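A.B. asks: For the protein sequence lines, the chains are A and B, in the order given.
Last residue of the first sequence: number 457 in my numbering, and the count goes up by one each step with no gaps.
Last residue of the second sequence: number 457 in my numbering, and the count goes up by one each step with no gaps.
If you are wondering where the hints come from, they were derived from the structure by calculation, not from laboratory data.
Here the structure is a predicted model, which is why all the values come from computation and not from measurement.
Wrong hints could be hidden among the right ones.
Which copy is meant is left open, so a pair is good if it fits within one copy or across any two.
[As the list claims (entries may be wrong)] The calculated SDA-like cross-link candidates involving lysine to any residue, where the alpha carbons are at most 25 Å apart (straight line), are:
1. K144 x D229
2. K144 x S226
3. K71 x Y228
4. K227 x R135
5. K199 x E159
6. K200 x A123
7. K25 x V321
8. K227 x L396
9. K117 x L419
10. K241 x S83
11. K199 x E61
12. K71 x E258
13. K241 x P214
14. K199 x I164
15. K200 x A155
16. K25 x T421
17. K227 x G72
18. K71 x A302
19. K71 x D229
20. K117 x R51
21. K144 x E65
22. K144 x L298
23. K227 x E65
24. K144 x R163
25. K71 x E125
26. K200 x V177
27. K144 x V177
28. K241 x E353
29. K241 x F454
So the chains spell out like this:
2 protein chains.
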Amino acid sequence: MSLAKVIGPDIEELIRENPKELAAAVSAIHPADLAELLDDLPREDRVTLFEALPIEQGAELLSVLKGEKLRLILHTASPTRLGQMLDRLAADDVTDVLEHLTQRQREAILEKMSPRDAAEVERLQRYPPRTAGRLMTIKFATIRPEWTVAETLEHLRRIDPEVETVQSLYAVDDTGRLVGYVSLRRLFPAPPDKKIADMMERRLLTVRPDTDQEEVARMVSKYDVHAIPVVDENEKLLGIVTVDDVIDILIEEQTQDVLHLGGVSATQEEVEQGYFASKPWRNVRLRFTWLLLLFVAATFTGTVLRHYENDVARVVALAFFIPLLIGTGGNSGSQTVTTIVRGLAVGEIRLRDAGRVLLREGGSGIALGLLLGIVGFGQALLWGTGIPLALTVGVSIVAICAWANTVGAMVPMLATAFRIDPTVMSAPLIATIVDATGLVIYFTVARLFLGL
Amino acid sequence: MSLAKVIGPDIEELIRENPKELAAAVSAIHPADLAELLDDLPREDRVTLFEALPIEQGAELLSVLKGEKLRLILHTASPTRLGQMLDRLAADDVTDVLEHLTQRQREAILEKMSPRDAAEVERLQRYPPRTAGRLMTIKFATIRPEWTVAETLEHLRRIDPEVETVQSLYAVDDTGRLVGYVSLRRLFPAPPDKKIADMMERRLLTVRPDTDQEEVARMVSKYDVHAIPVVDENEKLLGIVTVDDVIDILIEEQTQDVLHLGGVSATQEEVEQGYFASKPWRNVRLRFTWLLLLFVAATFTGTVLRHYENDVARVVALAFFIPLLIGTGGNSGSQTVTTIVRGLAVGEIRLRDAGRVLLREGGSGIALGLLLGIVGFGQALLWGTGIPLALTVGVSIVAICAWANTVGAMVPMLATAFRIDPTVMSAPLIATIVDATGLVIYFTVARLFLGL
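Just chain A, with the same shape it has in the complex (with noise of 0.2 Å):
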């Protein structure tokens, strides 16, 4: 990272004075540092350096390239050198890449590739955007039960040299099918003439080319294996995902979780391409949606106050206090969403300990609004408004906050009941919910603390 940093500026003057010297000066340049590098330089001059590199380093790039950063090269490089460099890399990267493109530019591409590869790459596309199937790898190593530890490594040294990984070693039949795996490390202490079916692991994780790339990241990550093979209907291997795609996955699919609770409602393809690749209107129509649904929730507030009208004007010192009042339980609300919707995410809480959920939650609320009322109750009295208004702000807040942190655990326990994703149950809906409500509270404690 640190050399990308020191050479940036340097490059900058290559590009402009000295493009010859370009490629030798990048050649040793890490390919996902080199793409950090791409975001300080002007467009066209991305396009140079891209120009400049060698296929190899080229291709390997276009690997780690995203979004617009991507689209902006694929649109401007030539299909031909395209077709080369993609050559070079493994099916599943080149599927990745092809996603950015449009049905026709994919087929000029694909033209330009060896046949093999293409045909490699279309059986991939075949499978649904997300799925196991995209992911996995159709290079792998593959060894038979019959066979010796001394005949499986032998084997070892003809395989084909894009095989990404032979650390697990699967056992096929002579249908194709999966019937064990060895990981590596077993297989050079063992024997020389021990066979690979008196060895061999028979208990197997697998998933189909059609599970969503989330549950394949999440078995990946919950049982702690380096790759999980991809079998059909027929348990015949077709391919195997390997730890690394997956890290990106998490992250993705993290990202996504994060804005939901943020109350931004971005799909998986918008996450993936990344903050400044979005068009700033797409951004906007997405966040208008949800603050829309929000605003309308808040006029629910407005009519609430409304119907209190008369108290208000009566005792106009109410009003102070209704942000206040209403600004700690949408945070207390939030604090508690967000720990719940973690807990639900990463697995630590499920459906069944809703009562204890509700209980600890309820529990927490009330205490925080005891401390919280206390001091509510101190500044109101320093503001001067007598003791039967302060009382009504003290104890509207331990109300609240029970009230709060009891609708922010219910909601996404009662979403995840229903099967819908609780981390649209965002935050900020819940603050909004908790908002209406919350002025219900408050006037009614203060319609019996002030006679009103």
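With chain A fixed as given, assemble chain B onto it according to the hints.
C.D. replies: For chain B alone, kept in the frame of chain A given last:
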């Protein structure tokens, strides 16, 4: 996973009625599923189940348990049995487990372990928690640059069976200095008499034992590697961190970010423990700090309102729109801050992008404000407020949205510039800032349009 669910209820029966068959009944269950199964059992049954497990399976279970669940088992099982189990685990997993015990309990268990394994664990424990040193495995396959391919393959037959991975082979010189690596996949097809020195990759990505674990996780994810070697200041190879160790860290780190955004200031240790493990009282304390801060900030909103007391007394209808206006400002600000904090976290947004980001978010704010302003204007007319107040509401919404977006974008960028974790500048904080300033905007517009 389905396996665990199917046999779940039967397990409870077995524990109570036929504990002798218990071990056989659970022998085929993956430790990750067994850990989930424990959740459904009462405390005493968990202990019975653990006691019934053979040493090997018990060890595997210990390595996947966390927080409260792990602590329960550790406090009830005998040190001798635990010692035998921990002898089966890699030193980094043992260090993880022992962190859940007091110094005295740790020593009692280390005494029951084999002296060699105990010494390794004590070596790892010298590194600070949450660093590469704690994460790394010290059982790795090293080779020598002067060896031939054939010699290397022969050597692999004699490696320690506890070596976790042989996917990358690290070449060290006489002094233990890391000089290069070869991936096993490339070793197999190479000519048997080729020297390692002639084929190894000399450009190495390494970390120090005191490198923060989040930095390690980010490097693994960015450079898409299966493992990162850990070296000391003389480039001596100390251990390797593998990708599977890193996945859990990425998930924990994200949980922490999510909680911060929701206004819950959890530490990494608390995140790791999980939802139910932390004491409810502690949870209240963590949340109270934030709520109190926000509460104090919200009293400014009250102060602002008191300043406009006469305006509210003259036009009570002004109060109806307060929750709507500050709610919309808060929601819009939350959306922006979430988007920006996430963009900063995954590296899509950097400090030098500040200008672009402010322009983009300010623009979105004006667009969103215009759309919502029209809705607000209509809503006010519907409530029969008359055109001047309706105009006040509409215009205020535009200004508040633009302002909320600008604050929501600027605050996390400023936090980053001052090296404060931007997730700490959470959505509730932004909402509270926007509340007070939003009211000033509202009443300023009101005085203008209503001639107050």
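A.B. asks: All hints, please: hold or fail.
C.D. replies: Evaluation of the provided hints:
no. : hint        : in the structure
1   : K144 x D229 : both (22 Å within a copy, 18 Å between copies)
2   : K144 x S226 : both (23 Å within a copy, 22 Å between copies)
3   : K71 x Y228  : between (29 Å within a copy, 15 Å between copies)
4   : K227 x R135 : both (19 Å within a copy, 20 Å between copies)
5   : K199 x E159 : both (14 Å within a copy, 17 Å between copies)
6   : K200 x A123 : neither (37 Å within a copy, 36 Å between copies)
7   : K25 x V321  : neither (76 Å within a copy, 74 Å between copies)
8   : K227 x L396 : neither (51 Å within a copy, 56 Å between copies)
9   : K117 x L419 : neither (53 Å within a copy, 48 Å between copies)
10  : K241 x S83  : neither (38 Å within a copy, 46 Å between copies)
11  : K199 x E61  : between (41 Å within a copy, 24 Å between copies)
12  : K71 x E258  : both (16 Å within a copy, 23 Å between copies)
13  : K241 x P214 : within (11 Å within a copy, 44 Å between copies)
14  : K199 x I164 : both (21 Å within a copy, 18 Å between copies)
15  : K200 x A155 : both (9 Å within a copy, 22 Å between copies)
16  : K25 x T421  : neither (59 Å within a copy, 38 Å between copies)
17  : K227 x G72  : between (29 Å within a copy, 16 Å between copies)
18  : K71 x A302  : neither (38 Å within a copy, 41 Å between copies)
19  : K71 x D229  : between (27 Å within a copy, 15 Å between copies)
20  : K117 x R51  : within (23 Å within a copy, 61 Å between copies)
21  : K144 x E65  : within (18 Å within a copy, 31 Å between copies)
22  : K144 x L298 : neither (48 Å within a copy, 56 Å between copies)
23  : K227 x E65  : between (30 Å within a copy, 13 Å between copies)
24  : K144 x R163 : within (13 Å within a copy, 29 Å between copies)
25  : K71 x E125  : within (22 Å within a copy, 43 Å between copies)
26  : K200 x V177 : within (14 Å within a copy, 34 Å between copies)
27  : K144 x V177 : within (14 Å within a copy, 31 Å between copies)
28  : K241 x E353 : neither (34 Å within a copy, 40 Å between copies)
29  : K241 x F454 : neither (74 Å within a copy, 74 Å between copies)
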